[in-house]
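Please model the entire structure based on the sequences and the hints provided.
The chain contents come next:
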Amino acid sequence: MIGPSLPTHLHEWLGMARSLCLTVHVLGILCFVYIVAKRLVPLVRAERDLRFDHPLTRMGRVFKFWLGQWRHPRYKFAGTIHILIFSGFILLAARAFFVLIVGVNQDFVMPGLSGRVGQLYDIVTDYAATVVFLCMVIATVRRLVFKPARYAVPAKYGKGRTADAIFLLGLIAILMVADSLFAASHSLQGRPAEELAILSLPWMLQIALASSSLVTISASGFAAYLIHELAFYFLLCYRPFGIQFHVETSLFSIYFAKLERGTLKPVRWGISDEHLDQVKSFGVKRFEDFTWKHMLDFYSCADCGRCADNCPANAAGRPLAPRFLTIKARDYAFQHYPVFGRANNSKPLIGNVYSEDEIWSCTTCGACEEECPLLIEYIDKLVDLRRGMIDDGNVPQSLQRPMKALESRGNPYGKLEKKRGDWTKSPEFRNNCNVKILDGKRNADTLYFVDSITSYDDRMQSIGRSTSRILDHIGEDFGVLGPAEKDSGHDVRRFGEEMLFLALRDHNIDAVKASGAKRIVTADPHAYNALRHDYKDVPPVEHISQVMAREVKAGKIRFTQIANEEKVFVYHDPCYLGRHNQVYDDPRTVLDAIPGLKRIEMTRSRDRSFCCGGGGLMLFYEPKEEQRMGVLRVRMAAEAGANVIVTACPFCLVNLEDAVKVTGMEGKMSVIDLTELVDQYIMRESCAETQKLEQTATCGG
Amino acid sequence: MEILVCVRRVPDTSENEIALNIEGNDIERDELVYSVNEADNYAVEEALQIRDQFGGTVTVVTVGGQDDEEVLRRELAMGANKAVLLSDDVFSGSDGRGVATILKEFVQKGHYDLILTGVQAEDGAAQVGGMLAAMLDYPFASLVNSIAAENDKLIVSREIEGGNKEVNEIELPCVLAIQTGINEPRYVGMRGIRQVASVPIPTLGAGDLGVNPATVGERVAKVKRVDYFVPTLGNGAEMLHGSREENAEKIIELVAAKGGLK
Chain A
1 MIGPSLPTHL HEWLGMARSL CLTVHVLGIL CFVYIVAKRL VPLVRAERDL
51 RFDHPLTRMG RVFKFWLGQW RHPRYKFAGT IHILIFSGFI LLAARAFFVL
101 IVGVNQDFVM PGLSGRVGQL YDIVTDYAAT VVFLCMVIAT VRRLVFKPAR
151 YAVPAKYGKG RTADAIFLLG LIAILMVADS LFAASHSLQG RPAEELAILS
201 LPWMLQIALA SSSLVTISAS GFAAYLIHEL AFYFLLCYRP FGIQFHVETS
251 LFSIYFAKLE RGTLKPVRWG ISDEHLDQVK SFGVKRFEDF TWKHMLDFYS
301 CADCGRCADN CPANAAGRPL APRFLTIKAR DYAFQHYPVF GRANNSKPLI
351 GNVYSEDEIW SCTTCGACEE ECPLLIEYID KLVDLRRGMI DDGNVPQSLQ
401 RPMKALESRG NPYGKLEKKR GDWTKSPEFR NNCNVKILDG KRNADTLYFV
451 DSITSYDDRM QSIGRSTSRI LDHIGEDFGV LGPAEKDSGH DVRRFGEEML
501 FLALRDHNID AVKASGAKRI VTADPHAYNA LRHDYKDVPP VEHISQVMAR
551 EVKAGKIRFT QIANEEKVFV YHDPCYLGRH NQVYDDPRTV LDAIPGLKRI
601 EMTRSRDRSF CCGGGGLMLF YEPKEEQRMG VLRVRMAAEA GANVIVTACP
651 FCLVNLEDAV KVTGMEGKMS VIDLTELVDQ YIMRESCAET QKLEQTATCG
701 G
Chain B
1 MEILVCVRRV PDTSENEIAL NIEGNDIERD ELVYSVNEAD NYAVEEALQI
51 RDQFGGTVTV VTVGGQDDEE VLRRELAMGA NKAVLLSDDV FSGSDGRGVA
101 TILKEFVQKG HYDLILTGVQ AEDGAAQVGG MLAAMLDYPF ASLVNSIAAE
151 NDKLIVSREI EGGNKEVNEI ELPCVLAIQT GINEPRYVGM RGIRQVASVP
201 IPTLGAGDLG VNPATVGERV AKVKRVDYFV PTLGNGAEML HGSREENAEK
251 IIELVAAKGG LK
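Chains as they are written, first to last, in this note's numbering: chain A, 1 to 701; chain B, 1 to 262.
No wet-lab data here; the hints were simulated from the structure.
Positions of the beta carbon are idealized from the N, C-alpha and C atoms, including for glycine.
Worth double-checking, as some hints may not be accurate.
Anything over 10 Å on all C-beta distances counts as not near chain B; from chain A, calculated [said to hold, decoys possible]: (1) Pro7; (2) Phe146; (3) Pro427; (4) Glu498; (5) Leu500; (6) Ala503; (7) Arg519; (8) Asp658.
Restricting the straight-line Cα-Cα distance to at most 20 Å, the calculated cross-link-like pairs of lysine to aspartate or glutamate (DMTMM-like) are [said to hold, decoys possible]: (9) A:Lys419 to B:Glu28; (10) A:Lys661 to B:Glu249; (11) A:Lys419 to B:Glu31; (12) A:Lys661 to B:Glu38; (13) A:Lys415 to B:Glu249; (14) A:Lys419 to B:Glu17; (15) A:Lys415 to B:Glu17; (16) A:Lys418 to B:Glu245; (17) A:Lys347 to B:Asp52; (18) A:Lys624 to B:Glu184; (19) A:Lys415 to B:Glu122; (20) A:Lys415 to B:Glu31; (21) A:Lys418 to B:Asp30; (22) A:Lys661 to B:Glu246; (23) A:Lys567 to A:Glu601; (24) A:Lys415 to B:Glu38; (25) A:Lys418 to B:Glu122.
Shown next as structure tokens:
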């Protein structure tokens, strides 16, 4: 029996199957459009989010973080692999498009890719396909053999996703092989054969096929074409079901990403503080209360685990990992907004998707956001979830008392307002530094905003006194608000109590304005962040470390030689000074100006600093955890070889000093605030000042 | 179920520095901040939970002046359906019995299945709940730390010495004095209070309630405060001087001896 003879040339094969190819194209694209449309349904029902401003800045960020893959090298190996795959995909995009069109029109040539440019492009893409293929092999081995810890899924968060990952890697590998085989077959159609990029996958396949008959070559090419087409559309339609959806969504996630650090989203976009009373429900209670951008984030997460890997709450064994905050929301979205069928009734998120402890566990340190290659936001979502819980009255008992005290007394301790400035009144301190209380009768150029912990906590008052002496030394005309100051409300806001925050903020804004001060200085990074980002219409604000660095550079602050040579100092970056406000160098400049000071760095420093345990209301929260964050941090300092931790935040000082006690490292490790250290070693020149110094020494600084 | 909760406004002990006035017969009240008596707040939360489970309404009531309206508003913000202020010049200076008399008249104006009070006011004597029950001839249980409903009865457990529980069956209507810790009261923020800022709170006086002025007020009070004093610091503190481990063990022993650990 002799059947109809098979066509010899690849384009004949393709010509024969043109209608099949066209059908697959149309079906594939329709399918994809349908799935994406279904995925967009919750985004349409979501809360609004105003992200259409600053198009140029946003485009710049797309170039940096999307096209430039800026954050990927933070994890060297995985990052490199990703950059290779990403650039491979970008390079192959035109080729994939070309290949798909060829099924319909065999004579199609990509515009701009004819002649020598086309030849060059072919060579580049031959290698690109090879590199992507190799990356798939490496990634598979990595997943199966080396199993990096950050991909593991703890039982409480559901099943592992290795199988899915391998399946996707396999599909891409198939796509690359099919593409290469097609290229090889294509190159062997004429005599002599087209030259392919040496040592590339198509080149190797070309050698393997070279001795076969033209029919076999063309048949293989045709098969490769069909496999490529099917794999391409399968991937396209499968990606919106899992972690690979980021291939489509990441560009938008990055374009619409939050621009300003240290800020919080408003309760509702487009509703001013004055109109908040009209908002029926605060925060996120159901999935649809998230903004569309936050939902887009859920889709974009590639489950790389970098956020959780850097999350101090996760490291301390608290029931929170940012990664699963996203993954659980995405699972919820997929389940409640299915591709086939109607959307289900939504359930409250707390109790069904998230636990209360999970949401309270976050210190808003920002390590997750600093790390995410796709700029996914976590703090805003957590704060929104907290706003929802506060609105429902669902607040841990341990937080209710300090919140009530903040409402009635303006500080979380329930201490009397009139005693807020008492730290300035101790006779020893008053003798060498007279701090003005700006009560309307007296005024000053600079306002030192002290905030609650430094005002009332016996230990932290030392920061207040040191800061004052430093301001005094550099000849600053300054004062404090005293009883007129209330808590900055920084962490009240981050715990979701927006109305209480607004009351505190409005009070403080009035008090600051009444003081007539032209600028504000604070030694508390939380107050600094609040004044800088949460307050409106207040004079410019600086952290004391910025002031000190400037004065050190100007020669106004000089230091005496450090006496103890056994001391090895390490600087711990407070989250709200470092990550949220990018002040990394100023404190280090000040430290390095002290002659004889030996300073080292911890592995986790600067933008990878590790939270001390959290400030503000977090001091009152009783977390479920295996370990204190502070303890982990103190151990990191010890491992680095330091015996003095310098920090620049009263909350860090509280948490780290406690941690030193908990770890039993008293005597071996000490913690000091930057202002205290500067106050100790500052060179006081005038006679009067030397006298003051002596008195300072007797009162213990 | 129709539930009435009797609440009281007290100086918040955690947010005030309590000091005696110059005469020594009262505390200095100029700069005090007030809140709902803690046990009363637990009682309101318990009432809200019972209501949410079985339906009905929760009414909160207090005997006092216009200043006391703030605690009623806080409880409205928490979720109570109604609030009533019992206020009249003739009420002032009433002792526990006087307050119970006023409340009794109010209770008899309505139809309440369950009346809750806090076990004790922070500045009080833990007497109004019991007296109110006696005047109404209702069954009474105090130190209640759990409530479960069963047909027309309640199963309540009471805290007894050493942290143990005693379980009782009690018929409705009844009066229960609620112990702190029975639940986790919900948070009331400024937003909640602002939302109920315009809810009217009726004020009822002696005439509205049918209280005989001769039975209440300072004149007929049989218990009168004559003095206030701050206890002198004693030598009760025991300093532990062992190693960390020894001290930890000693503390466990001491706490266990007082019934704090099982």
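For each hint, the structure was consulted:
With a least beta-carbon separation of about 75 Å from chain B, A:Pro7 lies farther than 10 Å from that chain, consistent with its non-interface assignment. Once the 10 Å rule is applied to beta carbons, A:Phe146 is consistent with being away from chain B; the minimum gap is 42 Å. Non-interface status of A:Pro427 relative to chain B is upheld: no Cβ of that chain comes within 10 Å, the nearest being about 22 Å off. The Cβ of A:Glu498 does not lie farther than 10 Å from every Cβ of chain B; its closest approach is about 8 Å, which violates its non-interface assignment.
Distance check for A:Leu500 against chain B: the nearest CB is about 5 Å away, which does not clear 10 Å, and the non-interface claim fails. Not every CB of chain B is more than 10 Å from the CB of A:Ala503 (nearest about 6 Å), against its label as outside the interface. Once the 10 Å rule is applied to beta carbons, A:Arg519 is consistent with being away from chain B; the minimum gap is 31 Å. Under the 10 Å C-beta cut-off, the non-interface status given to A:Asp658 relative to chain B holds; the minimum distance is some 15 Å.
A threshold of 20 Å between alpha carbons decides the hint, and for A:Lys419 with B:Glu28 the separation of about 17 Å falls inside it, so the pair holds. Of the supplied pair hints, the one linking A:Lys661 and B:Glu249 holds, its CA atoms being roughly 18 Å apart against a limit of 20 Å. With a C-alpha separation of about 12 Å, the suggested pair A:Lys419 and B:Glu31 falls inside the 20 Å cut-off, and the hint holds. The hinted pair formed by A:Lys661 and B:Glu38 fails the criterion: a straight-line CA distance of about 34 Å is larger than 20 Å.
Distance hint between A:Lys415 and B:Glu249 is unfulfilled; the C-alpha atoms sit about 34 Å from each other, more than 20 Å. Annotation: proposed proximity of A:Lys419 to B:Glu17 holds, straight-line Cα distance about 11 Å (limit 20 Å). Taking the CA atoms of A:Lys415 and B:Glu17, the gap is about 8 Å. The hint holds against a cut of 20 Å. Distance check on the hinted pair: A:Lys418 and B:Glu245 sit about 42 Å apart at the alpha-carbon level, beyond 20 Å; violated.
Between A:Lys347 and B:Asp52 the alpha-carbon distance is near 18 Å, which keeps this suggested pair within the 20 Å criterion. For the hint linking A:Lys624 to B:Glu184, the alpha-carbon distance of about 17 Å falls within 20 Å, and the restraint holds. Of the pairs offered as hints, the one joining A:Lys415 and B:Glu122 holds, with about 19 Å between alpha carbons and a cut-off of 20 Å not exceeded. Of the supplied pair hints, the one linking A:Lys415 and B:Glu31 holds, its CA atoms being roughly 12 Å apart against a limit of 20 Å.
A C-alpha spacing of about 13 Å is found between A:Lys418 and B:Asp30, which places the hinted pair at or below 20 Å, so the restraint holds. For the suggested pair A:Lys661 and B:Glu246, the alpha carbons sit about 17 Å apart, so the restraint of at most 20 Å is met. The straight-line distance between the Cα atoms of A:Lys567 and A:Glu601 is roughly 14 Å, inside the 20 Å bound, and the hint therefore holds. Simply put, A:Lys415 and B:Glu38 have alpha-carbon atoms about 19 Å apart, close enough for the 20 Å limit, and the pair holds.
Annotation: proposed proximity of A:Lys418 to B:Glu122 is violated, straight-line Cα distance about 25 Å (limit 20 Å).
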